[in-house]
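According to the working numbering, the sequence shown is numbered sequentially starting from 77.
One or more hints might be untrue.
[Said to hold, decoys possible] So the derived label-pair ranges between C-beta atoms look like this:
1. Phe198 with Leu464: 27 to 37 Å
2. Leu331 with Leu91: 44 to 54 Å
3. Lys111 with Ser252: 13 to 23 Å
4. Gln407 with Leu215: 25 to 35 Å
5. Phe335 with Ser180: 38 to 48 Å
6. Pro157 with Leu243: 41 to 51 Å
7. Leu181 with Phe245: 21 to 31 Å
8. Phe337 with Gly188: 35 to 45 Å
9. Leu91 with Phe244: 21 to 31 Å
10. Leu176 with Ser252: 43 to 53 Å
11. Asn159 with Ser252: 30 to 40 Å
12. Leu315 with Phe165: 33 to 43 Å
13. Ser129 with Ile397: 38 to 48 Å
In case anyone wonders, no lab produced these hints; they're calculated from the structure.
These figures come from a predicted structure and were not determined experimentally.
We put the CB at the ideal spot given by N, CA and C, even for glycine.
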Amino acid sequence: MQKLFFFQLSRWFFLLFLCLLFFNARWIANFDEIKNLTGFRENQTWSLFLFDSCLIFGFLVSFFDKSFPQTEKKKSFFFCPINVEKVLFWGGVLVFLSWLWRPSLVSSYASGRFLLGISLFFWIKKLFEKTTTSYWPILPATLLFWSGILQTLLAIGQFGKQKSLGLFFLGESHLSKEILGVAKIELWGEKFIRAYGTFPHPNLLGAFLLLSLTAGLWLIFYSSSKKRSEIWFLPLLLLGIFFTFSRTIWLATGLLLLFFFFFTKKQKVFAEKILLNMKNFQHSKKILTLIFFFFLVSSWLLFPFFSARFCLNCTGDSSLILRKEYAISTQKIIRQNPLEGVGIGNFTLILPQISPEKNIRPWEIQPVHNLYLLATAELGIGMLLFFLALFFLTIKKLIITANPFSLLFLIFLGLGFFDHYFWTLPQGQLLFFLTLAFSNACCKMKKSPKTV
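Let's have the full structure, built from the sequences with the hints guiding it.
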């Protein structure tokens, strides 16, 4: 009974963690010290989030869980073939050695955040490894999907009102056209704010909605249930993704759907699921017609925003000029510190010493928008090998299983060429490791025999 208690408690902590992960509410320990800093300051912000406590306590509780006795002798960790677990272990060792080499408060906080992400992976691995024949795997995926629907509704509300909805207690950012630093697009000579949800940036909201969309696809195709209501809400998620106005997320969504429907032979399954739902839901044909009409009208009304975001009529983009300057400066940092890097979390502290103020002004200082350049600059070539290993292992899983979470993680690795939030933002880091964990766990389940 005691063994089951710790296992069930660990599960509840995980579900609570998932509920809280998508809310940016936090306590900033050094707020007075960083409130007047210009430029990117997340690496100097000592934050404690609500989801941190769930992750830490849940991970610790899992150590007391002895409900799964070992039935077979396992190979030594160091002598087994290379796998995700071994890659993450050596990634953690590299981060720890970097901290020993360049100890500071900034690197201590950044190292702790990275190790929390690795802990999340191993926690999920333990929760999933013996539950492939129960309803349990469907619960987290369902929670991810409906959390995405909630964030979509918030995104639509923010874009419609062009300001915050007042949900600051949930971590919603202060949004307005007049606030400097708020992400906006320009159309017809007027600025429009992009949707944030309760995330710190629209791009990160887009990444989460992409995860939510993937969870919906997994529930539809890999659950044995014949009726899945998620089918009807997939278009709503796509609308939420649109209002983030993230070009990379738009392209990633297209790649996800294109690959999943045309290269995994799921078209027939999808059609069968829709037909089965329509037979069991009165007036479903009318609703399907309304959805089609809604998207037809929406496409016509929102096309100007789409064309503005891809800058079809623009001659220049100042953000692209800055990104180029960040990349040039990063290459200089890597050449100076190719093996050990400058220390995790220290990039923005070193950048002013590398790039003259005329090129990057103090309020424009932020990490380079490339995960791999940033990780190599901070931790050396070893961290680049870390990501390369994850890439090849994910490719291998995708070929064998065609699992949507493996495909999504591969897409996340691709997004790393265009942004840094999987490395620099706490929610981004945990989304990265959460997706990796789902890719590793769910690829073992071709069908979930039960549903909720």
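Status of the hints after comparison with the structure:
no. : hint                           : verdict
1   : Phe198 with Leu464: 27 to 37 Å : 21 Å, violated
2   : Leu331 with Leu91: 44 to 54 Å  : 30 Å, violated
3   : Lys111 with Ser252: 13 to 23 Å : 19 Å, holds
4   : Gln407 with Leu215: 25 to 35 Å : 45 Å, violated
5   : Phe335 with Ser180: 38 to 48 Å : 42 Å, holds
6   : Pro157 with Leu243: 41 to 51 Å : 47 Å, holds
7   : Leu181 with Phe245: 21 to 31 Å : 28 Å, holds
8   : Phe337 with Gly188: 35 to 45 Å : 41 Å, holds
9   : Leu91 with Phe244: 21 to 31 Å  : 25 Å, holds
10  : Leu176 with Ser252: 43 to 53 Å : 44 Å, holds
11  : Asn159 with Ser252: 30 to 40 Å : 48 Å, violated
12  : Leu315 with Phe165: 33 to 43 Å : 41 Å, holds
13  : Ser129 with Ile397: 38 to 48 Å : 42 Å, holds
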